[in-house]
Amino acid sequence: MKIDLSTKIGKLKFKNPVLTASGTFGYGLLINEIFDISRLGGIITKSITIRSRPGNPAPRIVEAACGMLNSIGLENKGIENFLDEVLPKIKSFNTNVIASIAGETVDEYGRLAEKLDRNVSAIEVNISCPNVKKGGMSFGQDLSSTKKVVKKVRRKTSLPVIVKLTPNITRIEDIAKASEESGADAVSIVNTYEGFSIDIYRRNSKLGGFSGGLSGPAIKPLALFAVWKVAKNIDVPVIGCGGIMNFSDAIEFFMAGASLIEVGSATFSDPNASLRILKGVKHFLEEENIKSIKEIVGIVDEN
Amino acid sequence: MKIDLSTKIGKLKFKNPVLTASGTFGYGLLINEIFDISRLGGIITKSITIRSRPGNPAPRIVEAACGMLNSIGLENKGIENFLDEVLPKIKSFNTNVIASIAGETVDEYGRLAEKLDRNVSAIEVNISCPNVKKGGMSFGQDLSSTKKVVKKVRRKTSLPVIVKLTPNITRIEDIAKASEESGADAVSIVNTYEGFSIDIYRRNSKLGGFSGGLSGPAIKPLALFAVWKVAKNIDVPVIGCGGIMNFSDAIEFFMAGASLIEVGSATFSDPNASLRILKGVKHFLEEENIKSIKEIVGIVDEN
Amino acid sequence: MNKIRDYYSTVVNNTLIDNNIYLIEMFLPEFDGKAEPGQFMMIKIDETYDPFLRRPYSILECKKERLKILVKIVGKGSEMIAQKKKKDRLYVLGPLGVGFSVDKNSHSVLVAGGMGIAPLWFLARGLMKGKKKFSIVYGERTASLLGKEMDKTFGERVFFVTDDGSRGLKSTASDALPSFLDNLPYRESTIYACGPHGMLKEVINFGMGRNIPVYVSLEERMACGIGVCLGCSVKRKGKYGFLTVCRDGPVFKGDEVEI
Amino acid sequence: MNKIRDYYSTVVNNTLIDNNIYLIEMFLPEFDGKAEPGQFMMIKIDETYDPFLRRPYSILECKKERLKILVKIVGKGSEMIAQKKKKDRLYVLGPLGVGFSVDKNSHSVLVAGGMGIAPLWFLARGLMKGKKKFSIVYGERTASLLGKEMDKTFGERVFFVTDDGSRGLKSTASDALPSFLDNLPYRESTIYACGPHGMLKEVINFGMGRNIPVYVSLEERMACGIGVCLGCSVKRKGKYGFLTVCRDGPVFKGDEVEI
Ligand SMILES: Cc1cc2nc3c(=O)[nH]c(=O)nc-3n(C[C@H](O)[C@H](O)[C@H](O)COP(=O)(O)OP(=O)(O)OC[C@H]3O[C@@H](n4cnc5c(N)ncnc54)[C@H](O)[C@@H]3O)c2cc1C
Ligand SMILES: Cc1cc2nc3c(=O)[nH]c(=O)nc-3n(C[C@H](O)[C@H](O)[C@H](O)COP(=O)(O)OP(=O)(O)OC[C@H]3O[C@@H](n4cnc5c(N)ncnc54)[C@H](O)[C@@H]3O)c2cc1C
Ligand SMILES: Cc1cc2nc3c(=O)[nH]c(=O)nc-3n(C[C@H](O)[C@H](O)[C@H](O)COP(=O)(O)O)c2cc1C
Ligand SMILES: Cc1cc2nc3c(=O)[nH]c(=O)nc-3n(C[C@H](O)[C@H](O)[C@H](O)COP(=O)(O)O)c2cc1C
Ligand code: FES
Ligand code: FES
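Residue numbers (the numbering used here), protein chains in the order written: chain A, 1 to 303; chain B, 1 to 303; chain C, 1 to 259; chain D, 1 to 259.
Worth flagging that the hints you see were computed from the coordinates, not collected in a lab. Bear in mind the structure is a predicted one, so any value in this text is a computation, not a measurement. Among the hints, erroneous ones may be present.
Unchecked claim - The list that follows gives simulated cross-link-like pairs (lysine-lysine, DSS-like), each with its CA atoms no further than 25 Å apart:
1) 134/B to 151/B
2) 3/C to 279/B
3) 132/D to 44/C
Unchecked claim - Example chain A residues on the side facing chain D (calculated, C-beta under 8 Å, incomplete):
4) 26
5) 34
6) 51
7) 55
8) 59
9) 67
10) 68
11) 267
12) 270
13) 271
Every residue gets a Cβ at the ideal spot worked out from N, C-alpha and C, and that includes glycine.
Input sequences plus hints: build the corresponding full structure.
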């Protein structure tokens with residue numbers, strides 16, 4: 001049986017719905033040494049900022065129950081470095097390259113979008129990073145800021161605009177709706193959950209940056225529910241993300257309403273995770289006699 | 001060394017800061033067959049409603065990564081049954097018996113509080129249950145409803161009033177502040193996180209009640225951070241809850257700002273968990289030469 | 001009731017006795033060996049939090065400081081338990097719940113479907129030891145080694161049925177039950193059943209129709225196993241309200257619960 | 001660089017070689033055995049999600065299809081790895097990072113503190129095989145079996161220091177280093193160091209003061225081990241920006257990073 005795994009965001013075609021999550025895959029170059037990443041539906045870069053950012057002090061990683069806390073703090077070399085040094089190397093990947101952007105102001109988001117216009121396949125607008133003092137999650141926790149950022153980005157680029165939402169909020173469906181209304185072509189759900197962990201002997205946070213974001217299997221049931229809540233409420237595609245470790249997790253996200261998924265921390269426990277998940281999804285559809293991934297998107301609902 | 005474990009909520013004394021969380025310990029009677037529950041600082045009953053409630057359809061429990069989802073739906077036999085049948089049996093426990101209450105309306109909370117006045121040691125106001133259609137979490141997600149419920153309960157009882165908050169919210173510290181201002185003597189943080197899980201072969205939620213609440217170690221970093229955020233912002237004691245499995249988790253909560261803690265799902269994986277944790281806390285304080293638990297409450301903060 | 005305790009036990013033996021089914025024998029220090037057939041134990045899989053919850057297993061046999069259970073691999077938890085080797089350690093909480101109480105004045109008919117045999121095996125061994133007469137109707141998909149084991153242990157008392165006719169009658173346990181009972185030379189009988197949902201339902205209906213008392217052992221998702229979480233509630237029949245499978249059951253009278 | 005692969009390996013041997021320290025030998029199918037001293041492997045503990053992350057371990061020795069690591073129990077993950085028995089299976093990703101590159105024209109002085117010996121052991125074995133001259137300054141809290149093992153393997157090349165004087169000089173490795181170097185009959189030497197943070201700092205400072213090149217192998221919390229998460233960044237010295245310990249290191253020139 002020929003399985004149709006393809007899907008679309010706006011006019012952008014994806015050969016399959018498996019992407020890699022921002023900040024967990026670098027720019028694809030290193031993992032491309034392990035497997036041919038062109039087989040994936042797309043990759044999303046580490047979030048890019050206007051200026052180079054050093055990131056947060058160590059330790060930036062601490063293990064949590066069935067997951068991890070990170071407080072990287074958006075370390076990256078800035079947009080110019082990305083355009084000059086990184087982009088030439090990754091442009092040749094035979095898959096969608098989505099640039100994640102993070103600004104400290106609405107204006108910065110606009111400038112980033114403008115610079116990336118025509119250079120990548122799509123833009124993911126990160127308004128949900130819990131690990132920075134300025135910008136980040138505070139935009140995504142506020143309806144009017146969300147609208148301002150999305151509208152600004154929308155005006156500055158003709159690329160598909162994906163808005164990455166924070167789950168640290170009462171009604172994520174409202175922010176998703178606002179994003180859609182402001183011109184987003186898709187939303188990705190979710191970024192990490194705010195948390196931390198204490199070293200009881202040193203009497204301090206285990207993270208150099210004090211608080212961090214929780215990712216991994218621990219958050220899966222929450223992320224899945226967020227996807228379900230949002231998918232019912234908007235018409236643009238939802239990209240599901242949060243604790244996806246295997247094909248079965250991925251299928252859960254599709255059934256809850258995600259049209260695509262992002263594999264995040266799973267890559268740390270298995271660098272082949274995204275490819276393995278892609279294969280597993282395909283195999284599941286074959287076994288269950290499902291001809292197109294679209295048949296199962298959002299199939300689960302309350303009775 | 002003599003360790004002082006005692007603490008207070010309003011005028012109510014606790015011999016130690018280890019309580020058991022609502023819905024995870026029944027009314028203490030069954031576990032009292034396993035160990036002498038009078039050794040604990042207190043127990044909190046399953047939430048009591050005005051009328052008897054059958055609860056949600058099965059399955060009500062599904063395992064999640066490092067945790068569990070439940071959708072019990074506040075099954076209980078109602079306040080009259082509690083007063084007539086249960087209370088006489090548990091009044092004799094030589095520890096604080098805290099009654100958890102859940103109403104569908106502000107008025108119901110008031111009536112429950114009134115009926116319990118003078119009958120128990122304190123009242124925990126559950127405005128955070130994610131598993132009911134009416135009332136529950138919707139109160140705790142809204143500032144003005146929170147105030148109304150807390151004020152009503154406050155007027156109807158002279159007992160210490162503890163408000164149990166939901167973490168499914170953007171700024172839990174605001175709801176905590178509102179509770180304090182409305183007369184709460186303490187807040188407990190947190191109730192479960194909304195989530196669910198899908199059976200990809202049956203194409204349906206694994207829970208009879210569709211969505212459920214996530215508890216267990218998976219949520220610990222999030223709950224701990226919620227406690228820290230709230231404790232800095234209010235003056236009344238915070239009761240920490242969420243994924244506490246051992247003494248070290250408990251100490252983390254104290255250091256983040258909790259004056260007392262509640263042991264929840266840990267009791268399922270080990271019915272002796274609450275007692276084991278109490279002993280572990282005491283032992284830690286001895287080893288670290290800390291004379292009173294109060295010395296470490298809230299000791300961890302950003303630099 | 002016996003005191004519930006959490007035994008830090010040691011695996012003494014783990015034998016694959018059938019495709020995907022393991023017989024695990026454990027040493028439970030200080031366990032007095034007293035338990036009713038139908039009672040179960042909650043088994044903690046290891047010290048980490050994944051899997052998180054204990055898993056319920058019927059007591060297959062027990063005596064002083066010894067316990068046997070039958071584990072069928074159906075998912076992650078059962079697989080991890082099945083992989084335990086000699087000397088591995090496990091926390092085992094129990095004995096839990098209310099077991100079968102046998103009516104001594106009537107002939108016991110044990111109806112088991114697949115893994116439903118575990119608690120009934122225990123019951124049958126007790127009846128055998130007490131020199132009581134009883135019969136077993138044992139249904140399975142296809143002839144298994146487990147069935148062979150039963151044949152060895154209970155001999156003629158077992159009436160075999162299989163879905164595919166590979167041993168005994170080609171039928172299901174519940175379908176075979178009526179004529180099996182008709183052919184029994186006893187006036188009064190009581191049915192004790194454990195197995196898949198559908199089978200239990202049919203057995204209960206049959207019993208009610210014929211006025212034969214039926215006791216069933218139920219399975220439900222469990223978190224605590226001791227009656228405090230209300231995760232395993234089943235509806236009462238006729239009356240309003242719920243009963244917990246772990247504390248009020250797992251054995252119920254057929255007309256007590258809605259299944 | 002060698003191709004990074006995830007080997008589904010089997011424990012061949014696990015020996016307690018000192019208080020809390022285990023020497024684990026593994027079979028890595030298809031591993032070509034090529035790796036530099038200082039490179040490490042990321043070890044997945046088991047199939048469950050708790051623990052969640054892999055743990056980094058230096059290559060102690062390796063050859064075709066064989067790998068040895070030294071594991072000290074310091075927490076849950078290391079304890080679980082240390083408990084693996086013969087025939088247990090583990091995913092092992094590597095070889096990772098950049099190892100030591102030896103300056104052949106100068107005398108190598110290896111400075112190891114405690115478990116910091118692992119990558120330097122590998123380096124020393126290579127030097128020995130290449131019939132190169134080298135010295136080791138090995139510091140530990142108290143005389144251990146590991147030290148004895150070193151004595152057996154590297155003989156006179158090892159200069160022992162212990163905090164409590166139970167073997168060799170009563171000193172720390174970094175304190176003992178200056179006079180040790182002064183007594184060496186070589187004009188040029190290069191220092192290769194691995195051990196606790198404080199020790200590395202002192203060794204770097206000493207080297208800079210004397211104009212002796214120092215290479216250090218760093219440890220940092222890691223999630224991916226391959227350079228994609230930026231969890232293990234360390235500050236560049238002098239220049240702006242960070243380097244990743246897992247990809248740019250773990251071995252750095254002493255004046256390259258701020259530690
Ligand atoms: C009182 C009682 C006695 C039992 N006795 C035995 C026994 O003697 N031998 C035996 O092999 N099994 C017995 N079971 C079933 C056993 O508990 C489950 O097979 C086991 O918990 C599954 O765990 P898992 O992690 O492998 O499955 P999961 O991966 O969690 O789920 C796999 C499948 O198993 C089913 N399942 C999961 N948990 C339960 C549960 N608590 N009860 C019933 N089904 C469940 C689910 O429907 C699911 O389809 C008993 C169950 C109960 C309630
Ligand atoms: C490149 C590299 C090579 C290493 N080589 C070896 C080796 O050959 N032998 C050996 O025994 N250990 C080695 N380590 C350290 C080893 O990785 C840690 O001891 C292990 O990850 C701890 O896991 P845990 O779950 O037991 O500890 P946890 O319970 O997570 O933590 C216990 C303590 O260990 C420390 N720790 C945790 N993770 C790391 C880490 N990634 N790096 C450093 N310290 C950590 C923490 O500060 C904490 O105090 C190496 C580390 C790195 C980065
Ligand atoms: C180490 C790390 C770094 C991350 N960096 C970013 C980032 O730069 N931008 C972003 O939008 N999300 C970032 N995330 C969030 C992930 O993209 C993803 O949303 C989150 O980890 C949840 O998915 P998971 O559970 O599959 O990991 C990061 C996550 C981790 C663990
Ligand atoms: C099975 C179950 C039933 C619960 N019932 C209630 C309840 O009736 N009222 C309430 O306020 N919280 C209830 N809770 C929430 C717990 O009291 C606690 O807040 C939550 O489980 C988080 O703590 P934990 O991670 O330690 O379990 C319930 C939790 C579980 C798992
Ligand atoms: S399993 Fe908790 S009440 Fe039965
Ligand atoms: S551990 Fe991920 S970049 Fe080094």
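- Task: Against chain D, run the beta carbon of residue 271/A and see if the smallest gap drops under 8 Å.
- Result: Holds, about 6 Å.
- Query: Holds or violated: residue 67/A as interface residue toward chain D, Cβ cutoff 8 Å?
  - Reply: 6 Å, holds
- Are the Cα positions of residue 3/C and residue 279/B separated by 25 Å at most? Distance ~23 Å between residue 3/C and residue 279/B Cα, so the pair holds.
- Quickly compare the C-alpha distance for residue 132/D and residue 44/C to 25 Å and report which way the hint goes. Not satisfied, since the Cα-Cα distance of roughly 55 Å exceeds 25 Å.
- Task: Could you grab the alpha-carbon distance between residue 134/B and residue 151/B and see if it respects the 25 Å cut-off?
- Result: Roughly 20 Å between the alpha carbons, so the hint for residue 134/B and residue 151/B holds.
- Query: Hint check: is the beta carbon of residue 55/A less than 8 Å from a beta carbon of chain D?
  - Reply: 6 Å, holds
- Interface hint status, residue 59/A versus chain D (Cβ within 8 Å): 5 Å, holds
- Holds or violated: residue 68/A as interface residue toward chain D, Cβ cutoff 8 Å? 6 Å, holds
- Tell me if residue 51/A is really an interface residue toward chain D, meaning its C-beta lies closer than 8 Å to one of theirs. 11 Å, violated
- Query: At a threshold of 8 Å, is the proposed contact between residue 267/A and chain D supported by beta-carbon distances?
  - Reply: It holds, given that the least Cβ distance between residue 267/A and chain D is near 7 Å, below 8 Å.
- Item | Restraint satisfaction for residue 270/A [CB to CB of chain D, less than 8 Å] | 7 Å, holds
- Task: Mind checking the CB of residue 34/A against every CB in chain D and telling me if the closest is under 8 Å?
- Result: With a minimum Cβ separation of about 6 Å from chain D (threshold 8 Å), the hint on residue 34/A holds.
Of the hints listed earlier, those the structure fails to meet are numbers 3, 6, in rising order.
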